[in-house]
Structures are given as C-alpha cells and as structure tokens.
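Given chain A's structure and the hints, the job is docking chains B, C and D with the ligands onto it.
Chains as they are written, first to last, in this note's numbering: chain A, 1 to 641; chain B, 1 to 641; chain C, 1 to 321; chain D, 1 to 321.
Just so you know, these hints were derived from the structure itself, not from any lab.
A hint or two may mislead.
Computed cross-link-like contacts, SDA-like style, restricted to lysine to any residue with a CA-CA straight-line distance of at most 25 Å [said to hold, decoys possible]:
id: 1; chain 1: B; residue 1: Lys509; chain 2: A; residue 2: Gly33
id: 2; chain 1: A; residue 1: Lys448; chain 2: C; residue 2: Gly38
id: 3; chain 1: A; residue 1: Lys115; chain 2: B; residue 2: Arg451
id: 4; chain 1: D; residue 1: Lys297; chain 2: B; residue 2: Leu284
id: 5; chain 1: D; residue 1: Lys242; chain 2: C; residue 2: Gln259
id: 6; chain 1: C; residue 1: Lys319; chain 2: A; residue 2: Gly33
id: 7; chain 1: C; residue 1: Lys249; chain 2: D; residue 2: Ile265
id: 8; chain 1: D; residue 1: Lys9; chain 2: B; residue 2: Asn470
id: 9; chain 1: D; residue 1: Lys299; chain 2: B; residue 2: Leu445
id: 10; chain 1: A; residue 1: Lys285; chain 2: C; residue 2: Arg282
id: 11; chain 1: B; residue 1: Lys120; chain 2: A; residue 2: Met495
id: 12; chain 1: D; residue 1: Lys190; chain 2: D; residue 2: Ser284
id: 13; chain 1: A; residue 1: Lys595; chain 2: B; residue 2: Lys516
id: 14; chain 1: B; residue 1: Lys389; chain 2: D; residue 2: Gly305
id: 15; chain 1: C; residue 1: Lys319; chain 2: A; residue 2: Met495
id: 16; chain 1: A; residue 1: Lys576; chain 2: B; residue 2: Val600
id: 17; chain 1: A; residue 1: Lys494; chain 2: B; residue 2: Met122
id: 18; chain 1: D; residue 1: Lys141; chain 2: C; residue 2: Val287
id: 19; chain 1: A; residue 1: Lys168; chain 2: A; residue 2: Asp198
id: 20; chain 1: A; residue 1: Lys285; chain 2: D; residue 2: Leu145
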Amino acid sequence: MVIKSINWMAGGPQGSGVDTASNVFGRACGYGGLYVFGRREYHSNIKGLHSYFHQRISTQPLLANVNDVNLLAAFDAETVVRHMNEVVAEGGIIVDSAQLNTKVLDIPTLPPEFKTEIGKFMKENALGETVNDWLEYSKKRDVHVFPVPYMALLIQIGKKLGVEQISKITRMINVLTIGISFSLLKYDRALGEKAVLDTFSEKGKIADMNALAFNHAYDYATETFKDNFKHRLEKISITEERIFLTGNQAVAMGKVLGGCRVQTYYPITPAADESEYLEAHEILKTSGGDEAILVIQTEDEIAAINSASGAALTGARAATSTSGPGFSLMVEGLSWAGNSEVPVVITYYQRGAPATGLPTRHGQADLRFVMHAGHGEFPRIILASGDIKECFYDAAKVFNLAEKYQVPVIHLLDKAMANCSQTFPVFDYANFKIDRGSILTEKDLEGKEYRRFQFTETGISPRVMLGTKNGVHWYTGDEHNEEGHISEEPSNRKMMMEKRMKKLELVEKEVPIEDKLGFYGDQKAESVVLSWGSPKGAIIEAINLLQEEGLRLGFVQIRMIIPFPTGEIKRVLEGKKRVIDIEHNYNGQLGQVVKEQTGVTPNFHILKYTGRPMTTTEVYDALKLVLTDQAAERQVLMFGS
Amino acid sequence: MVIKSINWMAGGPQGSGVDTASNVFGRACGYGGLYVFGRREYHSNIKGLHSYFHQRISTQPLLANVNDVNLLAAFDAETVVRHMNEVVAEGGIIVDSAQLNTKVLDIPTLPPEFKTEIGKFMKENALGETVNDWLEYSKKRDVHVFPVPYMALLIQIGKKLGVEQISKITRMINVLTIGISFSLLKYDRALGEKAVLDTFSEKGKIADMNALAFNHAYDYATETFKDNFKHRLEKISITEERIFLTGNQAVAMGKVLGGCRVQTYYPITPAADESEYLEAHEILKTSGGDEAILVIQTEDEIAAINSASGAALTGARAATSTSGPGFSLMVEGLSWAGNSEVPVVITYYQRGAPATGLPTRHGQADLRFVMHAGHGEFPRIILASGDIKECFYDAAKVFNLAEKYQVPVIHLLDKAMANCSQTFPVFDYANFKIDRGSILTEKDLEGKEYRRFQFTETGISPRVMLGTKNGVHWYTGDEHNEEGHISEEPSNRKMMMEKRMKKLELVEKEVPIEDKLGFYGDQKAESVVLSWGSPKGAIIEAINLLQEEGLRLGFVQIRMIIPFPTGEIKRVLEGKKRVIDIEHNYNGQLGQVVKEQTGVTPNFHILKYTGRPMTTTEVYDALKLVLTDQAAERQVLMFGS
Amino acid sequence: MVLKPIDFKVADVYADWCPGCGDFGIMNGVQMAFAELGLEPHQIVMVSGIGCSGKEPHNVKCFGVHTLHGRALPFAMGIKAANPALEVVAIGGDGDGLGIGAGHFVNAGRRDLDMTYIIHNNGVYGLTKGQASPTLRRDEKTKALPRPNINEPVNPIGLALISGFTFAARSYAYDVRHLKDTIKQAVQHKGMAFVECLQPCPTYNDITTKDWYAGEDRKDAQGKPQSRLYKLDEIGWDPVVKDWNEDFKKKMAALEKTQEWGDRIPIGVFYKNELEPTFQERYSKRVPFYLTNPPAKQKLVDDNGNSNVDLKQFLDELKTS
Amino acid sequence: MVLKPIDFKVADVYADWCPGCGDFGIMNGVQMAFAELGLEPHQIVMVSGIGCSGKEPHNVKCFGVHTLHGRALPFAMGIKAANPALEVVAIGGDGDGLGIGAGHFVNAGRRDLDMTYIIHNNGVYGLTKGQASPTLRRDEKTKALPRPNINEPVNPIGLALISGFTFAARSYAYDVRHLKDTIKQAVQHKGMAFVECLQPCPTYNDITTKDWYAGEDRKDAQGKPQSRLYKLDEIGWDPVVKDWNEDFKKKMAALEKTQEWGDRIPIGVFYKNELEPTFQERYSKRVPFYLTNPPAKQKLVDDNGNSNVDLKQFLDELKTS
Ligand SMILES: Cc1ncc(C[n+]2csc(CCOP(=O)(O)OP(=O)(O)O)c2C)c(N)n1
Ligand SMILES: Cc1ncc(C[n+]2csc(CCOP(=O)(O)OP(=O)(O)O)c2C)c(N)n1
Ligand code: SF4
Ligand code: SF4
Ligand SMILES: [Mg+2]
Ligand SMILES: [Mg+2]
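Bound-form chain A, shown alone (with noise of 0.2 Å):
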C-alpha cells in the first residue's frame, strides 16, 4: 500500500522561524484530520545557519519520511540550493524574488567543501551562477517557481498593524510563507489561522499580528499565483481524538506515567528538550494525592547520572536523560549502579559521533558502546524504541523494568525519534501498571535482621529504601556481601557476581515476547530485514511498497538489546537466503551482534551516517536493489541535506 502524501518543506536560517512555520503546519494539517511526519534538521548553531523541516502530510496513517518535496517554503537563498532537486515534477518552489539574482557562491554561509560541491553540480549542468538561474534548471524539470517579494508583502503587513520595526515584522517571514503555502495547496483558510493562532496563544498581540500576516499572504498567493498547482491538501473529518507531538515529547510523557519523580540532567542536544518539557510540567495531575517531578540541572553529567542513582536509593523513581558526550562520562556511575543494584533509568538520545560529532544530527553508533559501557560486568537491561509510540510506553515500561530487576535500564532512542513528530490517536494509558518489585517496609522488617544483598533463588534481594526503619544497611561500589559491605573473599565474589548476573536470565524469561521484537512483513518470505531504532517507520512502509510489487520480505525489529533475545531471532533468522542489516552507523553494529549472538551472519547491509536518517524512499530501493539481485553486500545511503 503506497501511502500517498503531500510534502511540504519549509527551510531558512536556523532562528528564522523555521521551526515555529513547520509547527504551525503540522497543527493545521492535524486540525484538518490528516497525518503528519515531520523530519527537522539543523546545524549546532543558534542563529544563521542552514535548518529545515519537512512536512510530509496524508490521511493514512504515516510511519517515515520520505525524499520527495511537493513544495518548499525557502526562507533564503541558501534553502534553493540545497533541496531545489528535492522537489519533484510539478512540485513548486516559493521564493523570496530579492534573492532571485543572489550569486549562489557568495552565500557566506555555505562551506568551502559544499561550495566545491556545488561547483561541480553547476559546471556539469552548466547553471549560471545566480538563483534564478538555479531555478530555471529546476523549471526544466517542471517545477513550478512562486516568486515571493518577501520585503514588500512585510511592508505591507506592518502597515496594516502599525508596526514599523523591521526586525518585528522579519520575524514573520515564516508565517508569511505559509499563508502562501495553504493559498497554493488550496488548503482550508480556517485552519491555517486557529494553527497561527494556537501556537502564538501565549503570545498576546502577536498572535493576531501573526494571524493577520498569514492571511495577508494567503490572499496575495491567492490573487498573485492562478497558474494551476496541481498539489492539493485537503481536510477531512474525523472523530477521533490526535495528538501532534515530538519524541521528546512522548519520552517524557512515558517518565511521568512510569512514575519517575526525579530526573537529573545536564543540557545536551537532542535530550534536554525533554527535560525542560518536564520542568514546565512538573506538578502532575493525580488520581491520589499531591505529586511532582523534580527535574534538576547538575553541574555535569557525572552528577547527573550519581544524583539520579542516590535518588534512586530513597525510594523515588529516577532517571536521567543524555546524548553521547554525557553518556561516556556517565559509565563509572553506570558500573555502580550495576554494582549496587541500583534502578536507575539512563535515557539515551544517539546523535552523530564520535566526540562532538554531529551533535544536532542523527546517529545509531552507539549500541555497542551502551552494550559494554563500564568496566567489569554487571546486569543491564536495554530498550531501544522504534517510534514515538513505543518511546512513550517504552519510557514508562523501563521503570518498572528497573525497579523489578534492580537494575540501570537505558532506554536507548535517537536524534531523528526525539526531533520528529507526528500526529497520533491519543495514546492509552489508563490501564498502565506500576511494577515495583519486593520492596520491605518498616512493619515487614521489625524484629528482622535485614541484608540488603541477600542471596535468593532469583538473584534478586528484597529492598529496602534509605530511611527505613529497621531496615539500615549499606551500599558500596567495591565487592560486598550481603550485607553491603566490602568483601574480598573469593567466594562471596563468585557468589556475588552469579547473583548479579543471574538476574539477565529472570528477565529474559520473563519479559513478553512483544516487548523484546517486533515482526513485520512476511514472517515466511525468504528475505528477512533485521534493524533496530528509528528506521523502523521507513522498513515498514518500503516493506508494503515492495510487497504491492510482488517483493516479499519480513522485518524483525530488536527492541531488548540486553538481554539479547537470541533464541527468537535465531529462530527468525535461521535459513533465510537474506539478511539485511539495516542501522544508521557505519560497523553494521546490530549486525555484528546478532552474529556474535546467534551465529547468523547478515549478508547484506544498508547503512547510513551521514547524520541524516533514512527516508521510505531510501529504503525502498535500497531493499529492492538487494531482491533483484543486484546490490552489493554494502549500500551506504546518503540522501538529505
């Protein structure tokens, strides 16, 4: 089933609204019943350069991005550049007409290797060297060009308003570009401005001047451009409650139904969204009584993850949210809580890495980092979530998980999860249980003697928070025995380490088979996709337009990292003719472990690290050249900009 959508770009300097217009957009199409998938990129930078945001837009249900754009909304010069051949056949561009004889290489913003590029790009196309003369190459391949005097439509506006400051009226570029954008699609007026509206509702006057310079613009697109555009965008009606929310969003969401109330965090691109998000909700509506979650900015992630650990200890559910660069300054205190058996949720957003890396971009890189992160061994459990939904109730299912096991859990997401968003039926929660493990209070332990490391069957020693009566006892990173204090004897070790370790295997057992993969596809055909994380939208839906075509091949989706679900997937992947490895990095990780795992080597691999995630459309042919025999064993992808 292909699912046919409607695509709209908008893309300008990062700090020119880019984000705010895709939102308004998203909303109105939302308001309209259709489904929306955004995809936003943008540099490490606050202010000047490149971002962009990509709307794609349909009634059906929408699992991925994908490459085409029917109309892009350029905010600058710079935006034609880099997506004009992103958009299709009959697509449109609209475009500030003061750019139009901008010299492409004197956009100081563009990098000499872009530039070189380019250089390339227009001396074997033999493109002149202004806008215009891009886009005269881009009418050729039948798009339509609108252009926009951005200036003079703002001039207007303002008057309309009274205002005569220009940087208040510039500001409006975005929402200016929209109004044209609805006049273009044709697409409900109304909607276009209660989204204006919405979003600006904190706002006060803004919000009408906003409201005002949309529609100012949706008439003059109305009026200006007759020619026929044929892309459409139509509401429909539907009862159903949606949601349109970003993975930062959902994860957070999830903390809170998952009963965390502590979450510890030092600023770090893509997961201090969500913990902002919770500090400007931190007191919670309640079935019972009073509740909050206090969020806390450490000083380093080092304190981050040691805070939310000692949290732990008092009984509270903690958590603590980073990317890679705090992720590896947290593996001594991971080791601890391993150590201690402390259940503490560490929830990691990958971005491009090594180092620095790409840090407002997408990455995958990291699994086998979180798989061994610490030195020695000690039992941890990972989740790695495929979509918004399974953020949200992954982010809640991984407390309990912690607190059942007594165990760090890292619930491992990535950049391109967290930045996108989409549209959803209000997600169910109301039957969401809270799993807290054996816990022992004051009245369970009078008269007891209490040791917190007790050997069990299970592995798994009653707890007891700090604080309570009758139950003092003690924590200690070095080896310890039973009673938390520090051991050296050989065979309270071995004990101590079979008791920690033992637990891996009460997990394994006790999970749900649905928890720990996901099948897609054809479980029967004789090719198998094996992938993990965000690509897990645009697989499915390559899947469906492969199978239209008479290609059948399976999806198997590994969600429980550790432990690894080994018997399943061997099971899955056993005497398939292909395997295809499918992961945003650039060692095939997933791979590498399912082999080391199972024994099954995957025999092809579709890998991609450029930072930017995979669309449907990459994918798609991708996997169809691996059924056609025709790919080889390594396909790096490189779509997006």
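Just chains B, C and D with the ligands now, with coordinates in the frame of chain A:
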C-alpha cells in the same frame, strides 16, 4: 616438561613487611642463579588486612605460579588459617609460637562471610578452635610446623643492636622469617644477607640491623630445627645477566624506550606504581642530548587523558596510565582522540570490577569495554600483553603504532601482570626502532597550504606539530573538513568517517603476525586453547605438562584485539574439535569476540572471576578434564585466598 | 529511646585504618555527634567517596552509601533532594573532595542543600599509597613522594566560602570532643555545611603529624608541648551572620582566618549564615508540598495498581482534534 | 613582519554566532591582542571547550584546538607543559569553565602554568539553547528557562583568586579596546591568568543585555545612558602585588571588588602577582633543561633510527646477576 620448583609464601597483615620480605627472598634467589616468579595478593587497605606473597623458585625459567606451597612463613594467625591447606605434604609452616593459642574465630580481621566458611570447615573436619588445633590438622597431612617465638627472638636481636624501641624491632619480623626460611631450606646464608643489605641499602643503619636480625634468625633455626625438612634451595652458577622486576617496572622502561616523554596520571591501583617509578627516574640517559620524561599528576582521569592528548599534539609522545574506574572517566576523551586522530597511548591495567570492585585484585573483564568504549565509531588499536616481557616491548611499540596510524592506542594489561615479579635475562633493546610516521616540518611546509585532515589513499594525513611555522591548522571534536573546521556536510562526513576507519585496514595489513598473536603448543592438535593477557604463562606450562602425558593441545594467544586478526584466528581455530576459551571474566568475553569475528564458537570455557589469577595447577587440572571429556562446558576456577 | 555513641557502632566490621589513623577519631566524633543529636540510625544517611576515609560509613550504624571516588556530593544531593527528611552527611578525603571532586564541591555550594560535608584533610591520597593531595603545600615532600609536591595547595574553607557554603568550620581528628561539637553544629545548620577535619595520616604524611599539631617540637620552659591548634571560640570569634549587611565582612574575616597556618592554626566555626534560603526552601516555593510529599514518598500508583498520573495536562496541549 | 588583526582572521570560515553576539567582540579583541603582542599565528595555540564560545578558535588564525565540553584547561595544560614555548590561550563558556569544568578550573590555579584562560560570561548555556549557566543569579528567569534559576551564582574572579590564579581580570565584549588591552596583559603575565569577559547573549539572556550594561535604562538628565561598567584604572586601582606581605591584602581587596554588581560593575585587572613561581619555573628546578629541550622537542631517536634511550639506570637497579 614439569618445571620443578620450590614454593615459598610469606603472609601477614598489610604493612607488616610482606612485600619487602618477598623482595628480599626473591632477590636472594636471583643472586643464586635461580628463576623467580612472584605472585602478590593484598587487600585494598594500607595496614592490617591480610596480604601474602607467593614466590616460586626454580633453576628453570618460570612462566606462572602454582597452587603449592612448600614453606609458609606466617607472620600472624590469619596467615595460618588462610593458607594452611595450600602447604603440601612434607612442606612446612613457620609460625609465631605466641599465636598458637589464638582462637581462630577471634581473629578480628576475618569478615563474617569468611568466618561462616571456616566454621563449616572446622565442623566438617572436627577442628578445634585454636591455631594450634589447626596446625595439628596440618601435621596429620604430614606438614612440618616450626613454631618460633618471634617476640623473644626479636628482643634478643634488639639487645644485640642496643635498640629497645619495640616498634623498631617488631618491624623486623619479616626479615626474621626469611632467616628462618633460608635456614630450613639450607640456602646460602651470604646471598640472603646480601639481599637484605641491598634491599635496605638506602636506609643506612637499618640495613645492618636487618642483616643482623636475618643472621640471628638463621642461626636460631639452624640450631633449633633439626628435623629433616626435606626441601632445599640450592644456588647455581650462571653467567648471563638477569633482572628481577615487576610488570609495572617493565611497562615504565618500555615506555621510556618507546619515546614517551609526557606521562599524565591520576593515582589508582594497580597503575600508579608505574607513574611513580617513572617520576623517580625522570631524567633519562640517552645517546643524544638531555631528555626527561615529564610526569604529571592531574586532578582526575578526565584531565589525564585530555592533557596527554594535548601533549601529543605538540609532538611529544604522550601516555596516560590507569585502571577501570579511571578509564571509565576517559571514555569521552578517547572519543575525541579518535575523532581528531591523536596518537595518544593509554596503558590500562584491568583489576577486579565493576565499580570500585576489588581494587587490588585481578580481573580481565574489561575487554569488550575497551573495544567499544566511546560514543560513535572511530579507529583505535588495542594490544594486550601476556607477560612481563611482552609488557616491556609492547609498551615501547604502542608509540610507533600510535604515531604511524594517528590513532589512540590502548595497551591492555592487568593486575596479575602489574604486580607479579619475575627474573629475566636482561632485555635486549639496542635495536628498538622509533617510527614516527609521516610528519611535516616548517621546511616541508614552506609555500604550501597545509590541511591537517587531507583525504589520502590510506586515510593517513601527514601530521604537523602544534607550533610549526607555516603549518597552522585546527582540531575539533565536531566532525570536520580537511582543514579541521567544523563541517556538517553529509558527503564530507561520509568521506571523513571512511578516511578514519580505513586506517585500521592498513594496520591490519602492516603489523606483523607475531605481534598479533602467539602460537604455542601443538599446532596440529585437535584441541586448541584461546586466551589473552596474563593467563598465558599458566596455559603454556599446563600445555607442556599435558604434553608429557600425551595429551596434545595448541594455544593461540591473541595479542592484538583491534584490529582483530580475524583471518589468522579463523585459520587456527576452524575444524578443531575443542576450542577452549580461558579468561578471567564471567562472560568469556574473548570467546564472544572470536565468535562474532570468525564465526567459530568456543565449546569450552575455563573462567575465573574471584579476583585471583589462575595458576598452572588450576589450568592444568581444568584442561585435563576437558581433554579427557570429563569437563562441563563451563568450568569456574576458585583457587587462591 | 536515647541512643549512645556505641549504638552507632557496627559490630562485625573491622575498621581497617592504620593504627593511629585520624580516621578513628573522626568516626568516633561522628558517632558521638549522632547520638547527642538524638538521631536514630534510620534517619541518617552517610555518603562517602573512595579513599581510606571513604570506608567510614561501614563503621557507622546508619544507612551507608560508599560511592565512587569524588562523587559523594552528587550521590548525597540526589538522596537529600529526593527525600529531604533524611539527615544526609557526606564525607570523603581531600583528594576525593578537592581533587577529582572539586567541580561538585564548587557547585554544591551554589545549590545550598541542607546537608553536611566533612572532608578528611590528611594532605595525601591515603588509600593509593601516599601521593600528594590538593591540600599538601608546595615543595613539601611526604614519605611516598618521589619528588617534592609541585603544586600550590587549595584552601578548603576558602573554597567553601567562595562557593556559597553557608557554614564553614574546621576541626581536628584527635580532638574528638571539639570535632563532635563541630559536626553537631554542621548537621544542625540550616543549609550546606562544610567541615574541614585535619586528619593526621601516620603512615604517609610525616609533615603534619599528630606530634606536629600537638607542638611536640616546640615545648615551653616546662617541657610542655605548645599545641599549634587553638579554638576560635576561645578568641571570641563570632561566625554568625545576623543580617545580610555583615555577610561579606564576616566571609572576608573568615577567609583571613584561613591564612593562619604554621604556628597558630584556628579550629572551630569560621562562618555561618542561615539567612540564605536553602534549596529545599527555594524549591518549596514552586512545589509547596515538596517537604510533606517529596519524590521518595509519592505514591505513583492507584488502588488498582495503575499509574496514578493523569496525562490530561500534557495531552490537552498536544491535541489537534 | 608586523601582523595586523586582519592577519588573524580566517577567510573561509563563517562565524556563525547570532547577530549582535558578544562573541564577535571577543574574537576581535583576541585578534587585536595577538597582533599588538607581535605574535605570529604559529606561536599561538587557542584551546576552547564546547559552546557558542567554543567555536572561536575556528575564526582566529593560529593553531586552534576545539576540545570537549569543560575540558579546555586539561588540553591546554598538556600542550603548554609539553611545549612551554607556545603561547597558549584557553577560552570557553561559563558553563564550560565553571559548571562541568569547575574542577579543572580550581586545580589549574594550583598548578600556575604560564598561560591564559578567558571565560565568556553570558549567564546562559548558549549553544544548548539558553539554560542557566553557573553565573546566572538566583531567581532570575531568562527567556528560555521554564522556571527561575534555583541556584546561587558562582563568583568567577573570586573562584580564580581562591584557586591560586596569579592574575584575575574582567572585561567586556563590547569594549573591544579594553578587552584587547586586558587580554594582552593576561598573555604577558607570567603565570596562570584569568579573564572573565562579560558577554551579552542577545538571544537567550534578556537580563544582562548590552543595553543593561550600557545603562540604557538609566539615562541622566541629558538623556545619556549611564553605563554600569567602570574601569578599575580610572579609580587608580593597583592590582599588582609587589611583595608577599601585601599579597593577601590585595587578594582580599580584589575579592571585595567582585562584590560590586548591579549599578556599578568594575572592569580591569583585579589582581596580579608575578612573585609566585610558575609551573615552568618549579619544574625547571628539577629538570634544568626543561625550557630549552621540552618534551615536544626531544629527539627520541638516534642516527640509526633506534631509540636513543640508555636503560642502564633502570636495569642496574634491577639486576640480580
Ligand atoms: C576514578 C577513580 N580514580 C582513582 C581511584 C583510586 N583511588 C582510590 S582512593 C584514592 C585517593 C584517596 O585519597 P583521598 O581522597 O585523599 O582519601 P584518603 O585515602 O586520604 O582518605 C584514589 C585516587 C578511584 N578509586 N577511582
Ligand atoms: C559532555 C557534554 N555535555 C553536554 C554537552 C552539550 N553542550 C554543548 S554546548 C553546552 C553549554 C554551552 O554553554 P557555555 O559553556 O556557557 O557556552 P556558551 O554557548 O554560552 O558560549 C553544552 C552543555 C556537550 N557537548 N558535552
Ligand atoms: S594510610 Fe593514612 S589515612 Fe589511610 S588508614 Fe593509614 S593512616 Fe589513615
Ligand atoms: S546563543 Fe547567545 S552566546 Fe550563542 S551565538 Fe547566540 S547570542 Fe551568542
Ligand atoms: Mg587524603
Ligand atoms: Mg555561556
């Protein structure tokens, strides 16, 4: 070939001179042309808790330690309790007669979990509660007991010396037991005396005092113990020059040889001894001008790795030295070094983990961690030495690898190697070559435009040191272009990732096979042992013993962990009936890596994670069970207190 | 039930410090202080770093959290913030707190959680065998150092004052009475309290030894050693800031006092300010029920075992239909 | 060849700070200072952390080492120690240097390497979109904060003084001339120099803005804004410690000056002491050829390509036969 040896052990509270005694003992044996292999065990404690030193002595070169003790010098009651059963029939125990009536369960330093253990032992064997009762049990096993009135003897010695201060004489218990030991073993008294004098040579009068104590005790024993203790230590005459040293010392010397001129460190066991040894020898003798190694104690390990990287950028060969907890903190810095192609060396001494773990005990559980440490993917080289001699040469070689390939190199060691002491023929180092890789100077650069990260065929870009005229350039932890400026361009990103990663292919190609793995034993045998690091010696000795019994076995020691010598290992392992993985960890980590890399799954595991190193005895026993088809898939070794 | 110091002892754990180590004194001081404060073991959490000093919680009967090298404060902060009803006392070595942990030290001052931090100042890294700690003076060469110390020392109380600790004191491991009193004041202080405890390390620090503090090297005419330590109390020192106007002055005076070293070394409370609102007070302004229903005590769950959270407040903002 | 500021510009790198960002001013100040100091690009290494400020080296033509968040000082220390001939200037944000990097800051003071550290004090974590940095005052709520800042601010110059920096100054991003002069003095200072540079962040800090510093909110009768900043020079401030006796007094005076904020904010050199031996001097006592043949310059190798080291000194100690 069974290596015959005499095994002496000294035990007592930490701080009572166990180490010094053992050093004296070992040196004295060395002076007599004998080979020594010393194993040292101590608590994470400065004074009071039990420590011991096992010295194995032979006329043949020794590769490892064994379980047996022929003569135990017990400084205190606890030593008797802990080691009595290690003393073989016809062996002996030197014990303080004042301790004979000590009640075993009253020894204050015994932790409750150990008391439970020995309680059980006492019950099972119907042992009485005093040290004497225990020794009676030993006597039944044909062990000689030599009670010595330590205090009375010391007072006599004090009188001779004119020293009354009790604390000054009690300090000499250690030397006293050596006098007794050498007398019982009928070893050359003069060599013992010389070892005492040399050991205390920097302490003035103390040397003489100790020599007197040694002689006094020697005489006392000769007169007192006429029973025929059958074990003998005999000097032999040799012509070659030998040294007696620890792993820490070997690494330090290797570093200096390899050109290390900046060493940063933060104190941690068992790494710090190396840095302090270097600092004590900071001014170097060279064939050229003045040189010195700058040793810097930093405020933490984060500073240590990053300062070392900074130093490396200036052209100084730079290293840092640490163990698990410290390395955990270096992970982010490692990632930066990988991304910026910094030739920095990390000397990593594994110890009992996780967290603080067993800080003074042994472990090999950080293999997977070092392989994958750091967010993102970047090249690193990992070399794992298997004995003191390899420690020395590898410590020098790693600097060549680091500079030639411009990657961080991890030299992986462990506590067993760091703290064992051994005699060797003087290392031959006259022809050790320094290879600094591709470096451009001021002259080379004249009139040229330099790009630090220039794309090249091999992935290696010529280096320029900070400060070089005409060579200004940039580093960043962000992804960067050839100049070293931040770049988020997808195609540049792809090329940079590939540039960095492909250097590993070159390493793989250029490093000679003998640096990648060692092969011992019978290549054609149907069983092969797989191991890395310090078990090497015990495995070789065990194989030799089994060989004598007609049980044939090969052994492949993996020395280069990254890049992994996949092809070579596959060749060695494939088609073998038994692949036996031997390591000091819980998971059989090297086995996992081998499975992942070669597809070959080890079918037997001999593992140990008590924090104590494997002995030849243990490995021999375990292998024999495997070869005679009596072994479980997984054997967990437990020897050593 | 009024407890005695002995009730804070741990029966089956051997305190494995060297004979004569100042840590014994500090342990006793802590136990006495807890007893006199009328606390019960379960009300207290002792959090430590790694070092000889870091082992202390194992020898004190209350909740003990022996953490990582340099990280006592972050753990303590998480504990205290999640359950402000607990009496949290963090302790650690000078290397632990002022070397690897210095960043947490500085930032803990800014946060002003109502807890106590005691640093064992022995001038060395004890447990790693005597390297220079950040408090060792420049050019000093203690026993185990291959070369004299190349760095200047840090000024612990000075650093605490500049970092915003609202209580700063110094005591001495062998003056257990004084130490006990000082710890009591620190625990009772409303705000983040710092105690620098001078601690001889007989094994590795052969410079600032017990004898040195006691002035064994400078006896008066009668042959009586002239202790180097004197009590701020005795000179009528008033550390308490009574109104904000005198705050800076008192801070500076305290700082000046830290300059005294060598022949006269002051011990006692240098500075104390309870005017500053604590973290608890600050946060309670935002979340009024924080102290009555802190994170550690919240229910999370309803009677059916479901999460008690109503996500409406989030969802309403996100709804598009 | 005398270089001009423009010679320190980097042609093909776009400086991507927000319009009006104080970082532009700082970049200019640095470039001007380097030119006026008569330095050539290859003699200088600029080391930075991560943040908006951390990008600065890419816009200055000299060796640039853009490191990790909070780690500029450790890298700089390694560089300077290995090659003391280099002029090393470390820079970074206030979050970078005083939050995550505070431990290095404190310990760098103790080491007193002869280099310079410039902190860009903008009160926020710029590059992560405006969270509170350690210098933001309590209860202040800048644009991006969901809640007012709950922590007290750190006092950067105070912390430098207590930590043993031997030079401490403050300047202002938009007073490029003053900034240039201050940086020059810092670089020329023998010892570890600290410069706090007040830096408006027009995007996230809407409290200490350019207008606020300029006093646009308090105009005199003539309508002229009354700048909040004043120069220590102008009040005849003498920061230089001429002999050790006056050291503490001058330090305290400097500290007292840091208390001024709000209506009158001093800029200039607060404190300067060159009596203290630098790390270089201290180490040279042990290794006399350190400055002439530092680690970065040693040969390592003999004419045959072999290591030039003679291990005899080690081996002799270890020999048993
Ligand atoms: C991350 C890390 N680095 C180093 C160590 C090794 N280590 C153990 S104790 C210690 C220092 C102890 O000195 P101090 O903090 O002054 O405590 P003291 O022993 O003197 O009481 C160090 C460095 C460690 N445990 N963890
Ligand atoms: C270890 C680590 N944690 C977090 C981050 C994310 N990060 C990037 S810049 C920054 C803060 C920047 O603030 P500041 O240091 O004040 O510099 P400014 O941007 O204000 O100049 C942070 C936290 C990181 N890069 N590395
Ligand atoms: S080494 Fe020093 S601090 Fe540690 S226990 Fe011994 S005396 Fe105490
Ligand atoms: S966010 Fe602030 S500090 Fe960063 S570039 Fe923009 S104005 Fe400058
Ligand atoms: Mg100490
Ligand atoms: Mg800042």
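Against the structure, the hints come out as follows:
This hinted pair does not check out: Lys509 (chain B) and Gly33 (chain A) have alpha carbons roughly 60 Å apart, beyond 25 Å. The straight-line distance between the Cα atoms of Lys448 (chain A) and Gly38 (chain C) is roughly 23 Å, inside the 25 Å bound, and the hint therefore holds. Proximity of Lys115 (chain A) to Arg451 (chain B) is assessed by CA-CA distance (about 17 Å); at most 25 Å being required, the pair is judged to hold. Of the supplied pair hints, the one linking Lys297 (chain D) and Leu284 (chain B) holds, its CA atoms being roughly 15 Å apart against a limit of 25 Å.
The straight-line distance between the Cα atoms of Lys242 (chain D) and Gln259 (chain C) is roughly 19 Å, inside the 25 Å bound, and the hint therefore holds. Proposed proximity of Lys319 (chain C) and Gly33 (chain A) is supported: the alpha carbons are some 11 Å apart, at most 25 Å. Restraint check for Lys249 (chain C) and Ile265 (chain D): the C-alpha separation of about 19 Å stays at or below 25 Å, so the hint holds. With a C-alpha separation of about 16 Å, the suggested pairing of Lys9 (chain D) with Asn470 (chain B) holds against the 25 Å cut-off.
Distance hint between Lys299 (chain D) and Leu445 (chain B) is fulfilled; the C-alpha atoms sit about 20 Å from each other, no more than 25 Å. A threshold of 25 Å between alpha carbons decides the hint, and for Lys285 (chain A) with Arg282 (chain C) the separation of about 22 Å falls inside it, so the pair holds. For a cut-off of 25 Å, the pair hint linking Lys120 (chain B) to Met495 (chain A) stands: about 17 Å separates their Cα positions. Taken as a hint, the Lys190 (chain D) and Ser284 (chain D) pair is honoured in the structure, with Cα atoms around 15 Å apart against an allowance of 25 Å.
A hinted pair counts as satisfied when its Cα atoms are at most 25 Å apart, and Lys595 (chain A) with Lys516 (chain B) qualifies at roughly 23 Å. Between the alpha carbons of Lys389 (chain B) and Gly305 (chain D) the distance comes to roughly 22 Å, so the proposed pair stays at or under 25 Å and holds. Taking the CA atoms of Lys319 (chain C) and Met495 (chain A), the gap is about 52 Å. The hint is violated against a cut of 25 Å. The hinted pair formed by Lys576 (chain A) and Val600 (chain B) meets the criterion: a straight-line CA distance of about 20 Å does not exceed 25 Å.
Of the supplied pair hints, the one linking Lys494 (chain A) and Met122 (chain B) holds, its CA atoms being roughly 22 Å apart against a limit of 25 Å. Taken as a hint, the Lys141 (chain D) and Val287 (chain C) pair is honoured in the structure, with Cα atoms around 17 Å apart against an allowance of 25 Å. Restraint check for Lys168 (chain A) and Asp198 (chain A): the C-alpha separation of about 19 Å stays at or below 25 Å, so the hint holds. In summary, the hint linking Lys285 (chain A) to Leu145 (chain D) is supported, as the alpha carbons are separated by about 22 Å, within the 25 Å threshold.
In this structure, the earlier hints numbered 1 and 15 are contradicted, and the remaining ones agree with it.
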